[in-house]
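All chains should be modelled from the sequences, with the hints used to inform the complete structure.
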Amino acid sequence: TGGWAVTGPTEVTAKLGDPLAVSCSYKPGYELYPKYWCRPGFLWFCTTYIAQTNGSEVTVTLGSVSIRDNHASHSFTVMLGGVTLEDAGWYSCGVRRRRMFNLWHSMEVMVSPDALSAQRRAEGSSHPLTHTA
6 TGGWAVTGPT
16 EVTAKLGDPL
26 AVSCSYKPGY
36 ELYPKYWCRP
46 GFLWFCTTYI
56 AQTNGSEVTV
66 TLGSVSIRDN
76 HASHSFTVML
86 GGVTLEDAGW
96 YSCGVRRRRM
106 FNLWHSMEVM
116 VSPDALSAQR
126 RAEGSSHPLT
136 HTA
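Take the sequence shown: its letters are residues 6 to 138, numbered as in the working numbering.
Hints are computed from structural coordinates only; laboratory data are not their basis.
Just so you know, these numbers come straight off a predicted model, no measurement behind them.
Where a beta carbon is used, it is the ideal one built from N, C-alpha and C, also for glycine.
Below are the SDA-like pairs computed for lysine to any residue, each with C-alpha atoms no more than 25 angstroms apart in a straight line:
{"#": "1", "residue 1": "Lys32", "residue 2": "Phe106"}
{"#": "2", "residue 1": "Lys32", "residue 2": "Val17"}
{"#": "3", "residue 1": "Lys32", "residue 2": "Phe50"}
{"#": "4", "residue 1": "Lys20", "residue 2": "Arg73"}
{"#": "5", "residue 1": "Lys32", "residue 2": "Arg102"}
{"#": "6", "residue 1": "Lys20", "residue 2": "Val116"}
{"#": "7", "residue 1": "Lys32", "residue 2": "Cys51"}
{"#": "8", "residue 1": "Lys20", "residue 2": "Asp92"}
{"#": "9", "residue 1": "Lys20", "residue 2": "Ser117"}
{"#": "10", "residue 1": "Lys20", "residue 2": "Gly68"}
{"#": "11", "residue 1": "Lys20", "residue 2": "Gly94"}
{"#": "12", "residue 1": "Lys32", "residue 2": "Arg104"}
{"#": "13", "residue 1": "Lys32", "residue 2": "Val114"}
{"#": "14", "residue 1": "Lys32", "residue 2": "Ser78"}
Estimated spans, in silico, between C-beta atoms of each pair:
{"#": "15", "residue 1": "Phe47", "residue 2": "His76", "range": "26 to 34 angstroms"}
{"#": "16", "residue 1": "Gly60", "residue 2": "Leu90", "range": "30 to 38 angstroms"}
{"#": "17", "residue 1": "Glu113", "residue 2": "His79", "range": "17 to 25 angstroms"}
{"#": "18", "residue 1": "Gly22", "residue 2": "Phe106", "range": "31 to 39 angstroms"}
{"#": "19", "residue 1": "Asp23", "residue 2": "Asn75", "range": "18 to 26 angstroms"}
{"#": "20", "residue 1": "Glu91", "residue 2": "Gly34", "range": "31 to 39 angstroms"}
{"#": "21", "residue 1": "Asn59", "residue 2": "Ser28", "range": "15 to 23 angstroms"}
{"#": "22", "residue 1": "Thr64", "residue 2": "Ser117", "range": "26 to 34 angstroms"}
{"#": "23", "residue 1": "Met105", "residue 2": "Ser78", "range": "22 to 30 angstroms"}
{"#": "24", "residue 1": "Met115", "residue 2": "Ala77", "range": "24 to 32 angstroms"}
Take a look at the structure:
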């Protein structure tokens, strides 16, 4: 998996509806390579990139996902806004290399439902202190 070159958490948990930030680190020497976030498919290969940088430190935002590289700290951060249950699953963060295999690290994102939000939806009220007689 190229785990020696790219590292990160093996498991992250987010509350339903909350934002989630995930940071991955890479070895020095890969600063100018594009960094990416994807959902791996067959044999853990990424064919569709959810977000990727162009090798610079400019933040790239696509929908509710953004990615930003920090060359000095040799790390990049992926931000997901308003996590849904569909966001749960396996992801890879990595470094794209032309004409060579990418380097990546895989992790599992888990989404835990917020009990209070679920209770509010079940009661049909967005104001938990408002009751009808």
